[in-house]
Structure formats: structure tokens, C-alpha cells
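*Asks:* Here is how the chains run, residue by residue.
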Amino acid sequence: MAEIVLRDIAKYFGDNYVIRKLNLTIAHKEFVVLLGPSGCGKTTTLRSIAGLEEIDSGDILIDGKPVQSLRAGDRDIAFVFQLFALYPHLTAYDNIAFPLHATRESGAVVEEKVRAVARSLQIEHLLRRRPSALSGGDMQRVAIGRALVRRPKAMLMDEPIGALDAKLREEMRSELKRLHLENNSTTIYVTHDQVEAMSLADRIAVMNDGVLQQVGTPSEVYLHPANLFVAQFVGSPVMNITNATVKSVNGHTSVILGDGDGTFDFPAELERKLAAAPVGDRDLVVGIRPEGVLVERQERAGYLPVQAHIIEPLGAYDIVDLKVGGQFIRARTPSGYVPRAGETVWAKLDKAQTHFFSAGSGESLHIRLG
Amino acid sequence: MAEVRLDKVTKTFGSHKAVDALSLRIADGEFFVLLGPTGAGKTTTLRLIAGLEKPDSGTIAIGGDDAAGWSVAERDVALVFQYYSLYPRYTVRENLAFPLKSRVRSYTAAEIEQRVAHAANMLRIEHLLDRKTDKLSGGEMQRVSIGRAIVREPRVFLMDEPLSNLDAKLREALRAELKDLQMKLGATFLFVTHDQIEAMSMGDKVGVLNNGRLVQVGTPNEIYNSPRDTFVAAFVGSPAMNLMGGELRADRIVVPGAFELPLDDAGRRRLNGNGPITVGIRSEDVSIGAEGVAEAIVHHVENHGVEKIVTLRAGDCLFKATVPAIARIAIDDTVRFAWNQDRVHGFDPQSGLNRTRHAGQTDRPAMGSVPA
Chain A
1 MAEIVLRDIA
11 KYFGDNYVIR
21 KLNLTIAHKE
31 FVVLLGPSGC
41 GKTTTLRSIA
51 GLEEIDSGDI
61 LIDGKPVQSL
71 RAGDRDIAFV
81 FQLFALYPHL
91 TAYDNIAFPL
101 HATRESGAVV
111 EEKVRAVARS
121 LQIEHLLRRR
131 PSALSGGDMQ
141 RVAIGRALVR
151 RPKAMLMDEP
161 IGALDAKLRE
171 EMRSELKRLH
181 LENNSTTIYV
191 THDQVEAMSL
201 ADRIAVMNDG
211 VLQQVGTPSE
221 VYLHPANLFV
231 AQFVGSPVMN
241 ITNATVKSVN
251 GHTSVILGDG
261 DGTFDFPAEL
271 ERKLAAAPVG
281 DRDLVVGIRP
291 EGVLVERQER
301 AGYLPVQAHI
311 IEPLGAYDIV
321 DLKVGGQFIR
331 ARTPSGYVPR
341 AGETVWAKLD
351 KAQTHFFSAG
361 SGESLHIRLG
Chain B
1 MAEVRLDKVT
11 KTFGSHKAVD
21 ALSLRIADGE
31 FFVLLGPTGA
41 GKTTTLRLIA
51 GLEKPDSGTI
61 AIGGDDAAGW
71 SVAERDVALV
81 FQYYSLYPRY
91 TVRENLAFPL
101 KSRVRSYTAA
111 EIEQRVAHAA
121 NMLRIEHLLD
131 RKTDKLSGGE
141 MQRVSIGRAI
151 VREPRVFLMD
161 EPLSNLDAKL
171 REALRAELKD
181 LQMKLGATFL
191 FVTHDQIEAM
201 SMGDKVGVLN
211 NGRLVQVGTP
221 NEIYNSPRDT
231 FVAAFVGSPA
241 MNLMGGELRA
251 DRIVVPGAFE
261 LPLDDAGRRR
271 LNGNGPITVG
281 IRSEDVSIGA
291 EGVAEAIVHH
301 VENHGVEKIV
311 TLRAGDCLFK
321 ATVPAIARIA
331 IDDTVRFAWN
341 QDRVHGFDPQ
351 SGLNRTRHAG
361 QTDRPAMGSV
371 PA
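If you're matching them up, the sequences are chains A and B in order. Residue 1 is where the first sequence starts when you use my numbering, and the numbers rise one by one after that. Residue 1 is where the second sequence starts when you use my numbering, and the numbers rise one by one after that.
Hints may be right or wrong, so weigh each one.
[Claimed, not checked] With the C-beta cut set under 7 Å, the calculated list includes, among others, these residues of chain A facing chain B: (1) Ser199; (2) Pro218; (3) Pro237; (4) Ile241; (5) Glu291; (6) Ile310; (7) Pro313; (8) Leu314; (9) Ala316.
[What the hints assert, rightly or not] In silico SDA-like links for lysine to any residue, alpha-carbon gap of 20 Å or less: (10) Lys167/A / Leu318/B; (11) Lys323/A / Lys205/B; (12) Lys113/A / Pro99/A; (13) Lys177/A / Ser85/B; (14) Lys205/B / Gly342/A; (15) Lys169/B / Pro37/A; (16) Lys177/A / Ser219/A; (17) Lys351/A / Glu269/A; (18) Lys184/B / Arg340/A; (19) Lys29/A / Glu54/A; (20) Lys167/A / Ile197/B; (21) Lys153/A / Glu269/A; (22) Lys101/B / Glu111/B; (23) Lys169/B / Ile241/A; (24) Lys167/A / Asp195/B; (25) Lys167/A / His194/B; (26) Lys323/A / Pro334/A; (27) Lys323/A / Gly342/A; (28) Lys135/B / Ser85/B; (29) Lys177/A / Lys184/B.
[What the hints assert, rightly or not] Footprint (simulated), chain A over chain B, 3 or more residues, beta carbon under 8 Å: (30) 171 to 178; (31) 198 to 204; (32) 240 to 246.
Please keep in mind that the hints were generated in silico from the structure rather than gathered at the bench. For every residue, glycine included, the Cβ atom is placed at its ideal position computed from N, Cα and C.
Bound-form chain B, shown alone (with noise of 0.2 Å):
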């Protein structure tokens, strides 16, 4: 188990800087997920870490050593890819073993068995260790696929998108599981995905990339909650954050043709001065009622069965709120909304950053489950 770090790592292919001055500490024993669209450079981080790629500048420690002169082998890494490389020929057992039987490692056949045991058992597999990997479901092999990572007890495990040909059940299955995996191994995890409910529901901390560049780490809760800027904002959460250009004028916010909104207390602390503005709220601050203070349009309506989902209409703005599944709503019914200003998010509209970070949040009320 090690601890990684990156500093001011920079990764050129032709033209295109792929990984641009990244610096980065993955604790020991920590489950750190990258996160980012297709693009950002995440695979290429990963690769770098695993030595299958040299970077241009910069520097990689692994357990405090600069990794620069090591091999792939020296780095004592464990890779798993989205694509499961099993030997097909071969029995589950095979396949477990056969990191194990490298002529740099020398393993007595008891301590194999021993070994490829304890990951069976780890990934609930024992009962298929005598199948052939081509008899295995997508879920199966990719157990195995992460077994073989498991047997060889690297310095560090990372993985590339390994759920993203399960389909969804074995997806939201299979996350807990590698979660709790990694908290049982106490193993130094780096997960790379494009999928943030993926990233929030495992990650101790969440690393969010785009174009090359760390945009922001933080806790799953402190992305969620404090977004650096736009793009962390409308990447993470789903529904995606609204997000609309308006105008602070003195204690209203404008959204020009839709709605005016007048701060209450909360939203004088978090947005104060005038002038444009990107304001941003999720939909789980938005709410609907006769209390509301500005009206709108129902556009859409989709049942999550635990709740639903409401777009509105104001003009030409678009925007969602979330609301009990028992709420009757209609589209084309006219309602009245309020934001949770406590949870309001203002912008900059040029640079895109978020100017109410570091402004006082109470925390959300600790209501307990409600009954539905």
C-alpha cells in the first residue's frame, strides 16, 4: 500500500496537451476517483501512474519515491480496464493464478492457492473457480478481472471505467462491493470514470478533470456542495445544477424574460452586489408551492417513483425542481416556486467561477426518513 503523488505532471501527444501541470496526492489507502467527460485526460493520468506512458515534465512518487526510472513491473501496480482481459481458454482459478506465476515473482503452490483463495472469497467467485472464463456473465468476469489484481497485493490498484459495460443493476451492485473491497484491502485505490454518480458513491475524495487540468478535489459532498465553478456545477449532480445568466440588482436576482426573485437573509449573505451574474441552484432547492414567490409554467414532469422530477418554464428559461412523489402536478399547470437561497450559487459569468464558495451554507436539516 503507497501513497501517489503527482506534481506538475505534463503530458503532450503532438499538439494536444493531454495532461497539463497536474499535481495530485492520493493518500495510502484511500479510494480516489478521477472524474471527467471523455477527453479530459483521465486515462492518460492513470497510464502514467502504471508507467505505460513517460511524462513530458514532472514528477510521480509512489510511497515517496520518484517512480521516473522504474518499469511498468517495478511499480507494483495492479491495472483494471472496462474491458476484462481474461484468458479464455482458461479456468477462473487459471486466470487468478496466473499474475502470480511471472518469472520476476517466484510464489511456493501453496501460498498460490492460498492467494487466489483469499480473492475468491473476497469477490464472492469460489463457486465459479473451475469454470472457464467464457461460460462467466459481464459482472463475473469482471470480478475476476479485479481478482487478478487482488492476488498479486500491489502497492496500488487503478482502475479505467470498470463498470461501464455492466448494465445499470450490476452497476449500482458492483459499486458497493468494490467500495467495500477497498475497505477491507485498506488499499490505495485511483478509479477513473466518467460517470459522477459512480464517482460520488464511491470516492473518499473526488478529483474532477477537464482539458488536461485538475479543476477541482474535494469530498464528494464538498464537490456536490461547493462547486469551483460551472463546469464542476453542471458535471456533478443529476439533474444537472441550473444554471442561468441573470442580474443582481440590489435585493432582487433577474433572470431578463423570466422571473425576478427577492433575496431573503440567506441570499443577501451569498450573493450581495450588482451587476450579471450566473446564478445556480439544484433542483432539490427548488421548490413548489403556493408559498412561492415567482410564478411559472410546468413544461415536464417525470416520476422517479420516490419523487418526481418538474421542469419549469419562465420565458424562455428552463428549469428543474424536485418534488415529493405524491405532489400532483400537471404539465401546462401554471405554479409558484422559491429557492432555497441557503443553497443559491452565483457565478462569475466571464470566468465561470464560483464567487459564493467559501459563503456560510447551514448544513441541510437532519429531518430523518420521512414516511412517504
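So that you can see chain A by itself, here it is in the shape it has in the complex (with noise of 0.2 Å):
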């Protein structure tokens, strides 16, 4: 169990910053996950953590102390691969057991501590089998067994189910969601898949560039993304994004969406926000996700006639790619609302959904209309 700190660590290979000033906290027990694409730096800050890369700058304290000295062997942390990392010509049991062999217990002890694990992943019945004779979900699971066998303090994982198909993907999001419960170890998962973030972890640290860009818990990076890059990384369907004017005459306001192409009443609030913001001019990206996106079939006060471009199905809803003037705005709607593509019906966007940010920068200007 512990407290793992991350203070201003900076990496850099030549002039080029790997992880720069990152400053983290993950609780004792917590389940924090580093999300972001491929090269912004999360694998280097789990491997830094798990001592197998040096950092530059900075501090690395476990339960308050600095272990950048300490051997990946001395930090009590253990680290499961996206690749399964197991001895081919041992058995499950083996794998398992192997840690253990330089801790010197007995016979006994290492069985039921491997025993109880196995029990935990229901691979039981699997022990007696050498990798070649499992499936990749089994292998995977035998690697995280290994990795728990010793207790350790804090568990770090690097895309461990990156490379099982959707189905098993599915399914070990939730193995690995009641293992964290039962065992209650601090955890740091890396992967750059948005929907893994989101079911799993209690706090999503957003990464790119080397640079950390939101922590917060699933919700708030969904609800209330700090910049462009989080708005666009997290949700799926992506969240529409486009550059947008705000008018106000007469007190009347309104936000109007790239050269002219469509126009949506909005209440005055948003002046007096937009004022109070910290950007000089009214260079704005607005963005909103399919769901912010209200539409009806019949005109309707304070909706914009527009045409539904092309319906993708997907079932349980549809996602409708409206045209707006010379743009396309992507809906959610419920299956079959809209009966066919090239059909005219109204929009608007939510106000509590549709999110503000600096053209110049691309930072939130956090604005929230109730």
C-alpha cells in the first residue's frame, strides 16, 4: 500500500522533453490511469516510477520517500506488459510462484499465496498448463498473478490488455476493475484507449506532449475538459469542434458558428461570462458533443432548420451528421428519430453542454451556463 508523488519530473532525450515539470499525487489505494496517444510521455513516467528509466529533474517519493536511488528491484512495485512476459517452459503455477523464490518461504506458504491469486483471476484450473496451452487472455491473466503474488505495494500496468481482441478487452476492463477492489492496491495504468480510462479509474491524468494536461475523475474530464486536446481525446463520437463568434444586440446573445454558418440564440449570461473571461478578443472555439446536440423533427422556437447529411446507425442510437451552412455538426439522437438522410429537421445546442475555449491557446475558458 502507498502514497506515490510525483514531483516536477522532467525527462528529455537531446532538447527534446520526454515528460516536462510533471507534478502528480496518486493515493494510497487510488486507481489513477495516464491516458494519451502514443509518444506523449505516460510510458516513460510508469517506467520512471517502476525505476526502469532515470529521470532528469525532480522527485519520485513512495509513502514520502525519494526512491530515485533505489533499484527497480528495491521499490517493493511490480509491472505487468502489455506483452506477456512469462516463462514459456514453466507452468502457470511456476510463472506465478517465481517471485517468490527469492523471498526464501516455504513450500507451503508460496502455495497457498499462489493459490489465492489464482482464485482471484479464476484460473484455478489453469495452473497446471504452460503458456503456449493458454489463450492471450489466460496469459494475461497469469502475468497480472505474477505481478500480485508478492503484495506489492503499488501495481504499475502498461497497456496490459492492448493487445486482446474487443470481447476479452471488455471483459477484463471488469476483472481488473474487482481485482483493484479485493486488493486494494495503489495502481498507475497506462493506455491510450479513452473508453479503458473512463470505466476504470478513479482519476484520469491526460497526457501529450510530455505535458500533463487535466487530472480529474472520469466525469470531470468528460464534463469539463481543460483544453481542446482533452475535449477531443476523451468521448467518442469525438466532440464537434469549430470556431465561433458571440453577438450580443440588444441584449439579445447569440453564438455564431465559423464564417456565418449557423447561428444559435443564447441566453445573456454568456456576455457577462465572456467578459469576466480572461481573453481579449472573441476568438472562440465552441464545442459540443453529440448529445449536446438537441434536435427535433418539428420547427420549434429557438431551433435552426438544417439538414441531417448522413445517419450512421449504431443500434441503441443514432449519430446524425447534420449540415450547418458549410460544416457538419454530429448528433446523437434516438434510433430511427431521423427517418432518412437528406431530411430537414431543427437543432439547437445545449447551453449546459456546449463548451467555450480560447482560439488563441486552447484552454478552457470555463464558462458554464446553467
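Put the complex together from the two separate chains, hints included.
*Replies:* Here it is, written out as C-alpha cells:
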């Protein structure tokens, strides 16, 4: 059990930063996911905590003690990789028991520990098999068992289920989450898959270009993204993003998308909140998730007539590409709500789900309309 | 542009029957998706149509004419693969023009230029025309590959998992682009994929293939709402349809050791009789709340932003429910649940066939988009 603190850590190759001034505290028993595209520094961060990479500056503290001078083996941390690193000539049992050899525990104690871990991973019936006789999912269960058997202070996982097929990933997500609840070990988990991050994490730390973009609960990151990068990286289908201007005439406020592609009414409080926001001009980017685009089949006050260009039926719901002036905005509607592509429907942007970003910096202006 | 028709086409490799008496009609101008797991026979079917393989028996007609005696070139189909086969040292323009410079076709320089410009415009790659293809991103390369198919104005486009190598965001964007392109071209598309989201979102029609046999053909909504058997039910939709072995007893569904659900009017209309049955219900048709009629434990909760997918556990039985994102629900909570029985499916436990496929279903309530 451990608290892990990353204080101002930095790492670079030549002039290129891999990690830039990263500050993050992972609480005792917490499950934190480092999320970002390839090359964002998430794996390097994880490997630095494990002691597999050296950092150039900053401190890594485990339970308050700096660990930079400790070798990987002395940090009492377990690591699970994407590729199942199992010994091919050993059975599943011996693979799991392997880390206990160094502890010089009695055979009976080892057996009890291996069986307990195997039970929680539901692989007791596979213990006598060699890795070559195991499925991908079972190999990764064994790899996780080997990490857990030592009862490490912390578990570090690098895309542990990235190599598995979609159905199995779904199953393993729920197993990993339950396993964490049973074991309570502090866990740091690296992935580029936002669905994994959203479904596993207590908190998500989003990284890009070696820089921490936002740390928050899955709901916070989804509902209140700190900048355009987070807004577009988290959520599927991706958030609609478009340049916009806000105009107020006679106390009547509206948001104009693109070069006059569509003008949507907004409450006057937007004007007040924009005036208070730290942005000089009105160079804005508006972001709205498909579920924030409200669609009606009949004309309705405050709604704009738009054309349904493409309908993507996904079974439980549809994604409809609406042609708003010269651009497309995707909306999520109930299945079959818009009967045919080409029809005119009426749309508006739900004010509570509309995000405003500075076009210059890409940072959220943190305007929340009630 | 042309209709494609397969009549009882069979193809075996050694003792393995890759395609088994497959009959299929792709209408002129249709976006047809062949969907199935690895090894289902999708790619073989596509190669048979292209003329890259010869059927053991059965006929393939393109535009109403039997294509058996036609060479690959004579079939006038264009293939786009998962791996972009572009010439690396050539520019995008040269790559696009290449198919037009073959000896069997004679195009003037002006014609070639006009066709390349048209394809580039369609795919929004005009700004890349003078770039070498090894300087392109994956998405751009795949656009160029598709462009090479467009310039030829083939009678049929055959696409073999063209989006599989791209990352999730790009796939999402290209799905809509490809559908848009097909509509603009009015072309016949046969698109092969193992990804049910691609199939649902792009296809006018989806054909589900398993073990070389066509299991079901229909619109995406037909496939989703009335799956022919448990294979289609489990393969199409994410999360997969909940399927559980149970028993019909008079007015109840009994899932032994898990729960019993009293049938309401809709349930009685769709499920009748007594005896063993495999019941199927999609996660969005399972509701959680005080009005529920049976009890379960919350096994797992996945936050998907717009909604949460909750795995419920009753006895040894796990099944999923989709709930709004704002629902307050935690692992190990005891909850009550109910099914929208207008949407329940009953499958034969032996054959897997859907017994309720033609039982009436009312349309899903059209409620407009509800603000979260």
C-alpha cells in the first residue's frame, strides 16, 4: 500500500522533452490512469516510477521517501506489460510462484499465496498448463497473478489488455476493476484507449507532448475538459469543435458558428461570463458533444432548420451528421428518430453542454451556463 | 455502376469450405457490408467477385452478365485493401494517375488530369497532390488508395477492411467520409469488415457471414432489432446482447439460480409456451430502479461519459444495463431491475434460431434528444 508523489519530474532526450515538469499525487489505494496518444510520455512516466528509466530532474516519492536512488527491484512495485512476459518452459503455477523464490518462503506458504491469487483471477484450473496452452486473456491473467503474488506496494500496468480482442478487453476491464477493489493496491495504469480510462480510473491524468493536460475523475474530464486536446481525446464520437463568435445586440446574445454557418440563441449570461473570462478578443472555439446537439423533427422556437446529411445507425442510438451552413455537426438521437438522410430537422445547442475555448491557447474559458 | 449477384457460390481450399453456397444480391448503387469474424469467408467472397479466385461452383454476375469468363481487368472492379499499396517514391498525383496509364486504357493527358483533380477534390487531398506518399499519415495514405480506385470509375468498389489500420478517431471520421463519398458517386460498394460499428454505421444493407455461410441480410436496424440467431445477436451491438439460458414457465421467465421475471403483456406476446429457452435482451432495454421486478448486485460500472454501462450479477449470471450518466450507482450495490419486454428475444436453445423474430415490436418511443 502506498502513496506515490511525482514532484516536478522532467526527462529529455537531447533538446526534446519526454516529460515536462510533471506533478501528480496518486493516493493510497487509488487507481489512476495515465491517458494519452503514443509518444505523449505516459509510458516513460510509468517506467520512471518503476525505476526502469532515470529522470533528469524532480523527485519520485513512495510513501514520502525519494526512490530515485533505489533499484527497480528495491522499490517493491510490480509491473505488468502489454506483452505477456511469461517463462515459456514453466507452468502457470511456476510463473506465478517465480517472484516468491527470492523471499525464501516455505513451499506451503508459496502454494497458499499462488492459489489465493489464482482464485481471485479465476485461473485455478489452468495452473498446470504452460503458457503455449493458454489463450491471450489467460496469459495476461497469469502475468497479472505473478505481479500480485508478492503483494507489492503498487501495481504499474502498461497497456495490459491492449493486445487482446475487443470482447476480451471488455471482460478484462471489469475483472481488473474488481481485482483492484479486492487488493486495494495503489495502481497506475497506462493506456491510449479512452474507454479503458473512463471505465477503470478513480482519476484520469491526460498527457500530451510530455505535458500533463488535466487530472480529474472520469466525469470531470468528460464533462469539463480543460482544453481542446482533452475535449477531443476523451469521448466517442469525438466532440464537435468549430470556430465561433459571440454577438450581443439589444441584450440578445447569440453564438455564430464558423463564417456565419449557423446562429444559435444563447442566454445573456454568456455575454457577462465572457466579459469576465481572461480572453481579450472574441476569438473562440465552441465544442459540443453529439449528445449536446438537440434535434427535433418539427420546427421549434430557438431551433435552426438544418439538413440531416448522413445517418449512422448504431443500434441503441443514431449519430446524425447535420449540415449547418458549410460544416457538419454530429448529433446523437434515439434510434430511427430522423427517418431519412436528406430530411430537414431542427437543431439547437444545449447551453449546459456547450464548451467555450480560447482559439489562441485552446484552453477552456470555464464558462458554465446553468 | 452495376448490380452484383452471387448464386450458390462455393469455394473450398483443400478440405476447408471458405464460402458455402453463398447467394447474395448487391443492388446497383448500394453500400453493402459483409460482416463477420476472422475466417468467416468475407475476404474470399470479395476476391471471388474481383476474379482473383475462381468458384468451385455457382455463378457470379456483374451488371447482369455472368462474369465467369472475364479476367480481373475485364470485371472493371476496384479493390482497396487494409494495407495501402502505394508507390513510395512517387507523388500523390502520380499514384492517382497510375491506374489510368495502363496499356489497356487510353486516356488523354487532359482526361487524366481532370479525373485526378476530381478524385482529389472528393477526398479533400488536393493540397497533398505534389507530396511523396512516404510523407503522408496513415489516414492520408488510405485516402490516396481510395482515390486510385475512384479515378478509374469502376463498376464496383470492393473494400477489404480499409479502416482497420487507422486509429479510433480517424476511423470514426473516415466512416462518415466514405459513406458520403459513396452517396456522391452513386457507386456500388462492397465493404468487408469484422467491425460491427463500421457495418452498422455505413451499410445500406449488412450481410452477416459465419463459417462461409450467410446468416442474415438486412438493414442495420433489422439486423440489430431482429437478429436471426444467437450468433448475430451476440456479434452485432456493443455491448453484446445479454443472452442467458432459462426456462419459460407459464407467466414467468426463470433463469435458474439467478432470477425470475413475471411476463407482462408485451412479454407474453413475444414469448409463449413452456420449456427451455435462451433469452436475449439488449443492455439499453434493462432498466434499474425501485420499480424493478427482480434483484441483482452491481458487479461493475463503466463510465462512458454520455452513459454508464452497468454489469449486474444475479447468482452466477452476469448481464448488462445501460443507464444515464447521472445515475448514482456503485459496485456491490443491491438494485432492482426490469426488462423492456417489448424488446425481449427468445432463441431456441439447440439451433440458436430466434423464435420471436417476427413477433410484433412497437417502435422505440421517439422522444427527441433529452438534455443530460
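*Asks:* Next, verify each hint and record whether it holds.
*Replies:* Now the hints, each set against the structure:
1. Ser199: holds, 4 Å
2. Pro218: Cβ of Pro218/A sits 4 Å from chain B, so the hint holds.
3. Pro237: It holds, given that the least Cβ distance between Pro237/A and chain B is near 6 Å, below 7 Å.
4. Ile241: With Cβ-Cβ at 12 Å, over 7 Å, it is violated.
5. Glu291: holds, 5 Å
6. Ile310: Ile310/A check passes; min Cβ-Cβ to chain B is 5 Å, inside 7 Å.
7. Pro313: holds, 5 Å
8. Leu314: holds, 6 Å
9. Ala316: holds, 4 Å
10. Lys167/A / Leu318/B: holds, 15 Å
11. Lys323/A / Lys205/B: violated, 24 Å
12. Lys113/A / Pro99/A: holds, 11 Å
13. Lys177/A / Ser85/B: violated, 42 Å
14. Lys205/B / Gly342/A: holds, 18 Å
15. Lys169/B / Pro37/A: Since the Cα atoms of Lys169/B and Pro37/A sit roughly 11 Å apart, the hinted pair holds (cutoff 20 Å).
16. Lys177/A / Ser219/A: holds, 17 Å
17. Lys351/A / Glu269/A: Roughly 11 Å separates the two Cα atoms, so the pair holds.
18. Lys184/B / Arg340/A: Answer holds: Lys184/B to Arg340/A is near 16 Å, not above 20 Å.
19. Lys29/A / Glu54/A: violated, 25 Å
20. Lys167/A / Ile197/B: It holds: about 13 Å lies between the C-alpha atoms, which stays within 20 Å.
21. Lys153/A / Glu269/A: violated, 49 Å
22. Lys101/B / Glu111/B: Status holds; Cα separation ~11 Å.
23. Lys169/B / Ile241/A: holds, 14 Å
24. Lys167/A / Asp195/B: holds, 11 Å
25. Lys167/A / His194/B: holds, 12 Å
26. Lys323/A / Pro334/A: holds, 19 Å
27. Lys323/A / Gly342/A: Roughly 10 Å separates the two Cα atoms, so the pair holds.
28. Lys135/B / Ser85/B: holds, 14 Å
29. Lys177/A / Lys184/B: violated, 46 Å
30. 171 to 178: Holds: 4 residues of the stretch 171 to 178 of chain B have a Cβ under 8 Å from chain A.
31. 198 to 204: Since 3 is at least three, the answer is holds.
32. 240 to 246: As far as the stretch 240 to 246 of chain B goes, the hint is violated, because 1 residues have Cβ atoms under 8 Å from chain A.
In this structure, the earlier hints numbered 4, 11, 13, 19, 21, 29, 32 are contradicted, and the remaining ones agree with it.
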